[in-house]
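Build the full structure now, drawing on both the sequences and the hints.
Taken in sequence, the protein lines are chains E and B.
Start counting the first sequence at 1; every next residue gets the next number (the working numbering).
Start counting the second sequence at 1; every next residue gets the next number (the working numbering).
Hints are supplied without guarantee of correctness; some may be wrong.
[As the list claims (entries may be wrong)] Distance condition first, Cα-Cα at most 25 Å in a straight line; then the derived PhoX-like pairs of lysine-lysine: (1) E:Lys408 / E:Lys425; (2) B:Lys31 / E:Lys157; (3) E:Lys500 / E:Lys327; (4) E:Lys124 / E:Lys496; (5) E:Lys327 / E:Lys425; (6) E:Lys167 / E:Lys157; (7) E:Lys14 / E:Lys47; (8) E:Lys140 / E:Lys218; (9) E:Lys503 / E:Lys282; (10) E:Lys222 / B:Lys31; (11) E:Lys77 / B:Lys71; (12) E:Lys440 / E:Lys425; (13) B:Lys3 / E:Lys77; (14) E:Lys493 / E:Lys480; (15) B:Lys96 / E:Lys236; (16) E:Lys77 / B:Lys31; (17) E:Lys124 / E:Lys14; (18) E:Lys381 / E:Lys391; (19) E:Lys353 / E:Lys496; (20) E:Lys250 / E:Lys62; (21) E:Lys503 / E:Lys382; (22) E:Lys440 / B:Lys31; (23) E:Lys427 / E:Lys391; (24) B:Lys31 / E:Lys433.
Read the hints as simulated data drawn from the structure, not as lab findings.
None of these values were measured; they are calculated from a predicted model.
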Amino acid sequence: MTEETPNEHIDSVKRDYAEGHASRREFLRFATLLGMSASAAYAFVAKVENLRFVPTVAKAAKMPQGGTLKIAMRCPKISTPHTFSWIFDSNIIRQSNDYLTQTGQDNVTRPALFKSWKPSKDLKTWTFKVRNVKWHNGEKFTAEHAAWNIRRVLDPKTGSSVLGLMKSYMLNDEGTGLWDANAVEVVNASTLRLNLKIPQLTVPEHMFHYPFAIIDPKEGGKFGVGSNGTGAFLLKEFEVNRRAVFEANKGDYWGGNPHLERIEFVDFGDNHTAVARALESKQVDGIYIGQVEQYKLYKGMSHVNVYRVASGATGVARVQVDRPEFKDPRVRKAMRLAIDADAIRKIAYPIGKEAQHHHVSPEFPDHLPLPRFTRDVAAAKKLLAEAGYPKGIDFEITTKPDPSWEVKAVEGLVNQWRDAGIRVKIKQLPSSKFWGVWAKVPFGFTEWAHRPLGSMLLNLAYRSGVPWNESHYNNAEFDKILNQVDSTPSIKKRRKLMGKLEKIMQEDGPIVQPLWRGLFMAYNKKVLGFDPHPTQYIFGNELAVQA
Amino acid sequence: MTKLFFRRLLSIALIGLVISFLLFLIFESDKLEVAGKVLGAYSLPEQRLLWLEQNGYDEPFLLRYFQWLGKFLLGDWGVSLQYDTPVRPYLMDQLKNTAILGGLVFSLTLVFSLVLGVLSGVFEGRMTDRLVSGFAVLTTSVPEFASATLLAAVFVFWLGILPGTSSFQDGFRWIELVLPVTVLVIYNFGYYTRMTRASMAEVMTSQYVRTAILKGMRFRRVVLNHALRNALIAPFTVMVLQLNYLLSGVIVVEVFFGYKGFGKMLYDAALFGDLYVLEAATMIAVAIAVMSQFISDVGYALLNPRIRFS
Numbered sequence: 001m002t003e004e005t006p007n008e009h010i011d012s013v014k015r016d017y018a019e020g021h022a023s024r025r026e027f028l029r030f031a032t033l034l035g036m037s038a039s040a041a042y043a044f045v046a047k048v049e050n051l052r053f054v055p056t057v058a059k060a061a062k063m064p065q066g067g068t069l070k071i072a073m074r075c076p077k078i079s080t081p082h083t084f085s086w087i088f089d090s091n092i093i094r095q096s097n098d099y100l101t102q103t104g105q106d107n108v109t110r111p112a113l114f115k116s117w118k119p120s121k122d123l124k125t126w127t128f129k130v131r132n133v134k135w136h137n138g139e140k141f142t143a144e145h146a147a148w149n150i151r152r153v154l155d156p157k158t159g160s161s162v163l164g165l166m167k168s169y170m171l172n173d174e175g176t177g178l179w180d181a182n183a184v185e186v187v188n189a190s191t192l193r194l195n196l197k198i199p200q201l202t203v204p205e206h207m208f209h210y211p212f213a214i215i216d217p218k219e220g221g222k223f224g225v226g227s228n229g230t231g232a233f234l235l236k237e238f239e240v241n242r243r244a245v246f247e248a249n250k251g252d253y254w255g256g257n258p259h260l261e262r263i264e265f266v267d268f269g270d271n272h273t274a275v276a277r278a279l280e281s282k283q284v285d286g287i288y289i290g291q292v293e294q295y296k297l298y299k300g301m302s303h304v305n306v307y308r309v310a311s312g313a314t315g316v317a318r319v320q321v322d323r324p325e326f327k328d329p330r331v332r333k334a335m336r337l338a339i340d341a342d343a344i345r346k347i348a349y350p351i352g353k354e355a356q357h358h359h360v361s362p363e364f365p366d367h368l369p370l371p372r373f374t375r376d377v378a379a380a381k382k383l384l385a386e387a388g389y390p391k392g393i394d395f396e397i398t399t400k401p402d403p404s405w406e407v408k409a410v411e412g413l414v415n416q417w418r419d420a421g422i423r424v425k426i427k428q429l430p431s432s433k434f435w436g437v438w439a440k441v442p443f444g445f446t447e448w449a450h451r452p453l454g455s456m457l458l459n460l461a462y463r464s465g466v467p468w469n470e471s472h473y474n475n476a477e478f479d480k481i482l483n484q485v486d487s488t489p490s491i492k493k494r495r496k497l498m499g500k501l502e503k504i505m506q507e508d509g510p511i512v513q514p515l516w517r518g519l520f521m522a523y524n525k526k527v528l529g530f531d532p533h534p535t536q537y538i539f540g541n542e543l544a545v546q547a
Numbered sequence: 001m002t003k004l005f006f007r008r009l010l011s012i013a014l015i016g017l018v019i020s021f022l023l024f025l026i027f028e029s030d031k032l033e034v035a036g037k038v039l040g041a042y043s044l045p046e047q048r049l050l051w052l053e054q055n056g057y058d059e060p061f062l063l064r065y066f067q068w069l070g071k072f073l074l075g076d077w078g079v080s081l082q083y084d085t086p087v088r089p090y091l092m093d094q095l096k097n098t099a100i101l102g103g104l105v106f107s108l109t110l111v112f113s114l115v116l117g118v119l120s121g122v123f124e125g126r127m128t129d130r131l132v133s134g135f136a137v138l139t140t141s142v143p144e145f146a147s148a149t150l151l152a153a154v155f156v157f158w159l160g161i162l163p164g165t166s167s168f169q170d171g172f173r174w175i176e177l178v179l180p181v182t183v184l185v186i187y188n189f190g191y192y193t194r195m196t197r198a199s200m201a202e203v204m205t206s207q208y209v210r211t212a213i214l215k216g217m218r219f220r221r222v223v224l225n226h227a228l229r230n231a232l233i234a235p236f237t238v239m240v241l242q243l244n245y246l247l248s249g250v251i252v253v254e255v256f257f258g259y260k261g262f263g264k265m266l267y268d269a270a271l272f273g274d275l276y277v278l279e280a281a282t283m284i285a286v287a288i289a290v291m292s293q294f295i296s297d298v299g300y301a302l303l304n305p306r307i308r309f310s
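Listed below in structure tokens is the structure:
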């Protein structure tokens, strides 16, 4: 690892942590992003806190070997991994192929096919060392292979959503290609360098974005049964919409050899009750994700363990700020003031957490706690009157019927808005239609998945002009602070800046955000080694079954 | 009859041609959305346009239609946009599953509703009739999702003796068919029982039956040899037409039990705009609809000697 070489960013986060400006969790997250190895970071934690026992990633060594594990999960088409748009399809390729980095259940980003990395002082040049691993066909994995994958996901013709994530620092202003011919630079067979347009701290985390699986360049971007990979399993059978069957790869896996002999994903369609019945009647041993309304049902199954995980997954009622009716920030703030977020959480998502309308989860290490944002109907009415709507105002919100908690949350919001004179009609579209227009409707309720950092979400959704900025939010001050955040490794300073952004979101922002989702998965008690991931990722080589 | 058969074949071809053209036309306006679905909800508009171009969508509409039609007739049904898999084997797999489910439901419904319907029709107004009719009305009025939930609660969650889903993940197993078949038979048999009963009761009051009874013929023989044939005309015709319903109307049960069938496939394809799956599935549905009409015509003529093929 590179922690021997001086790295002043790492020194700065070490200092933040040692002086008490950053929590242990925050330190781990940022130190590893900056290239410190997870074990060295955990060792530093032990030194500072004078702990004798260090929590590490190493799982119990004594796991039962062999056996088959069946998990209920959708099995959509998997032929073009770089354009995956769900998390479940990435869970299929994740068993047979690796990513360049890996963000674990503890939100710490660790090396994967890149065994270490080091950013330059200005965070604009990132040097990655390639791990010495072999593809399933015996060939050596090289920096050239990694570069091919990176260039491919960044090519607009590929259609990968990685593009949206890296566009700001890797592509030219028109978004038609890399910003510089040398942006992805192969130094030698085991070293790769990224030269960024602007400073960016979270590059290693972006490399674990779900459509960023590393595939063999020779296969031209395709994936299927018999495809080459570097992962712990081999894809043996695949029937779209039915199942995916993996068998353990004989040979050493760098991430720890799998305990299971077989892992199967079984598709029961989009009916959640069928999934619960399959687990109850032991047709499967685990489920990819549970629905909040089924929480008690799963808790009631005597042979099943329910695993909960806090997450930054959420849904936001967002308006487009360039529409005349939502142009006035006072209207937007009134919409937030009219809401008692915790009441919505209780109805719609009892196992979630109350949110504060700024889309920066308390789970994120860069979150700065602000005073609680409370309901104030009188103030909301006053703001509306000042904005020129003394008699209230009428809107229409676009939603989808699935998952059902979203429906409940929106109904709750609508009821509370009514008290402040904000009369909202609900327009529900079928889910597939909704996804066609989600970014276009003037007022809609959108779900957002978990990301490991708050700044990552703000960059994706609220920076002016980025592709997923569905609210067309455009605030120069917000963008300026966000740029500072992206180039500030010091946790203390970073959190302060994030606090400013949170405040802007509450005062001026385009969203009403009632809750954070808590996720849960359920597995048969015979399944060992399962650790719920906030992004619902499944790592088959960690799992085992008791005979 | 041969003539009728060929006329039906001709109508399959004509209906198929019209419908397939209309479908092509409808989804033509949707193609940007289709690109969005193939590339995912988060793809950018420029990426979608590139995809359309790469996949030949900028060629003239009519050319693409006739290309598809030609290939379809030669047995090349194209590749599913949603699943990126050849349409024909995928569709045949779902069709086979639906044939198993539909065939079982059809034969069981047939047996139950004919036996019970004849019994209650013959003994109209008596205790047997009241019981059968009451039961039939009750089961028909319970929707499929309600009885499915109830049966699953009892047999899967409480007793734990039946599997909760029917996706044949480990190959075909009879036990996985029990719940979906039961739900569908319960829902369907009442209607046909009532219809058979009405038809039977009517025939039983006709003069030739009365004459037969009065002249001292054994009751059993009157019913089986004389009344039954005439009484079956109406229920038979309607039941054969039910084949269409079994093809795509059982979707509630398919979804509930995770059963991979034709109805669910058609529904998904329609929502996604998966044109080639939709076209092929519609062609098969048309063929089955027209052929079941043919069967019903032939059966009707056999049951009713007054009808002759013209």
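Hint check: Lys77 of chain E vs Lys71 of chain B, CA-CA at most 25 Å. Holds or violated? 24 Å, holds
Are Lys440 of chain E and Lys425 of chain E close enough, with their CA atoms no more than 25 Å apart? 18 Å, holds
Straight-line alpha-carbon gap Lys167 of chain E to Lys157 of chain E, limit 25 Å: 14 Å, holds
Decide if the proposed pair is consistent with the structure: Lys31 of chain B and Lys157 of chain E, CA atoms, cutoff 25 Å inclusive.
17 Å, holds
| message | Does Lys425 of chain E sit within 25 Å of Lys327 of chain E, going by the straight-line distance between their CA atoms? | response | 19 Å, holds
- Query: Are the Cα atoms of Lys493 of chain E and Lys480 of chain E separated by 25 Å or less?
  - Reply: Holds: Lys493 of chain E and Lys480 of chain E sit about 15 Å apart, inside 25 Å.
Is the straight-line distance between the alpha-carbon of Lys222 of chain E and that of Lys31 of chain B 25 Å or less?
23 Å, holds
Taken at face value, is the distance from the CA of Lys391 of chain E to the CA of Lys427 of chain E at most 25 Å?
23 Å, holds
Are Lys14 of chain E and Lys47 of chain E close enough, with their CA atoms no more than 25 Å apart?
This hinted pair holds, its Cα atoms lying about 11 Å apart.
Compare the distance between the alpha carbons of Lys381 of chain E and Lys391 of chain E with 25 Å, and conclude whether the hinted pair is satisfied. 9 Å, holds
Hint check: Lys140 of chain E vs Lys218 of chain E, CA-CA at most 25 Å. Holds or violated? Given pair Lys140 of chain E, Lys218 of chain E holds - Cα atoms ~13 Å apart, limit 25 Å.
So if I understand the rule, the pair passes when the alpha-carbon distance is 25 Å or less; does Lys77 of chain E with Lys31 of chain B pass? 19 Å, holds
When the structure is compared with the earlier hints, violations turn up for hints 9, 13 and for no others.
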